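*Asks:* Chain order of the listed sequences is A and B. Heads up, the working numbering is the position in the first sequence plus 60, with the first residue counted as 1. Heads up, the working numbering is the position in the second sequence plus 60, with the first residue counted as 1.
What the hints contain is simulated information worked out from the structure, not anything from laboratory work. If you're wondering where the values come from, they're calculated on a predicted model, not measured in any experiment. Even glycine gets a Cβ: it sits at the ideal position worked out from N, Cα and C. Certain hints may be false.
To be verified - A short, non-exhaustive set of chain B residues, derived as facing chain A with CB atoms under 7 Å:
#, residue
1, Pro222
2, Gly258
3, Leu262
2 protein chains.
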Amino acid sequence: MLTSTTLALMSVAVIGYHRRMVRWEPGASDRLRAAALELFAEQGVDATTVAAIADRAGVTERTFFRYFADKREVLFGDQQTFAALFLDPVAAAPADASPFEAVAAGVRAAGAWFPEERRAHSRLRGAVIGANPALTERELSKMAAVAEQLAGVLRERGTAEPAATLAGRAGIAVFSTAFAQWLADGETRGMDELVELGLRELRALA
Amino acid sequence: MLTSTTLALMSVAVIGYHRRMVRWEPGASDRLRAAALELFAEQGVDATTVAAIADRAGVTERTFFRYFADKREVLFGDQQTFAALFLDPVAAAPADASPFEAVAAGVRAAGAWFPEERRAHSRLRGAVIGANPALTERELSKMAAVAEQLAGVLRERGTAEPAATLAGRAGIAVFSTAFAQWLADGETRGMDELVELGLRELRALA
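For reference, chain A alone in the conformation it holds in the complex:
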């Protein structure tokens, strides 16, 4: 006969086994991201612990720290992967493409990474980040780093300064403006359409 104590111990053992399995499961980082976003939206970033995030994702804290340096980092994907969305098309642009055309190719490629099915998640993430000044600064800093990397790729292509830096920053301005529009309540246009609009508007401005 199983007593309630025995059942509780079995349950702990099963959870323990499950967690050991999960530590090596490729889906862990996605589950951690989803769990963190839910908790941040429910109770705020400051009130959410790494332990609570790991618990909701069904993994250990140790697994958490295998993927992320701290709880805030869960909101940001791998920076190199994200930057590569912008940088690879710039490096691959035809040699006779202007700096602006090369950067536009990068911004379009990054925009394509945000199809309609990511909008709800991105809106929730944007709301969490917008409510927290430290996260807003981290987001700005990461986008500024991509702008600087864009300038670096343009310099390698032979673009002089300050044109390279200005083109990198202008490209990130187009992306970030389109992204903020895409997240706005009631906005139905796709990210690709908003990126094209931003590129046209920037040309028209200057």
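Once you've looked at the hints, dock chain B against the given chain A.
*Replies:* Below, chain B without anything else, positioned relative to chain A:
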């Protein structure tokens, strides 16, 4: 006859009197800024206390906190005053000026706030900020806030979105790029010349 103890007590009294006077002296914030920058450059931001800054400036810690919220804030002027350099010329631009022309007027006015005699101080400040990721993020965040305010003034002038946001961000990109060039070792061109170069380059890019 004055014993050394009496002399020491007098000295303390004189310093105390001096400090009470200084608390109300208009130059205190400038001296605090200079003292903080020296100490940050000598020993780093983390190792520098508010007490040490106040001591070198010859004021009390209480006086320090009358002017600044924390030691890092000493590196940043009053945000409203700084933003007004950009915003006032935009609000005052002729009604038929394009968004880019209006923003260019603001960027030129802000550039004029950095004449040659401020370059050495600005270089030291730039080195301190560049060596500290948290300060770099604060600087980025403050510039992003000015870009957003620029967009707000443009919207009041009738500029639609996303043109207003893009023009604000493009203007700050020109300013920040010119400012970084102005601070670079060996750069001798003035901030006004570098701002004009940036405005021209941005036009040529797009």
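*Asks:* Identify every previously stated hint that the structure contradicts and give their numbers, smallest first.
*Replies:* none
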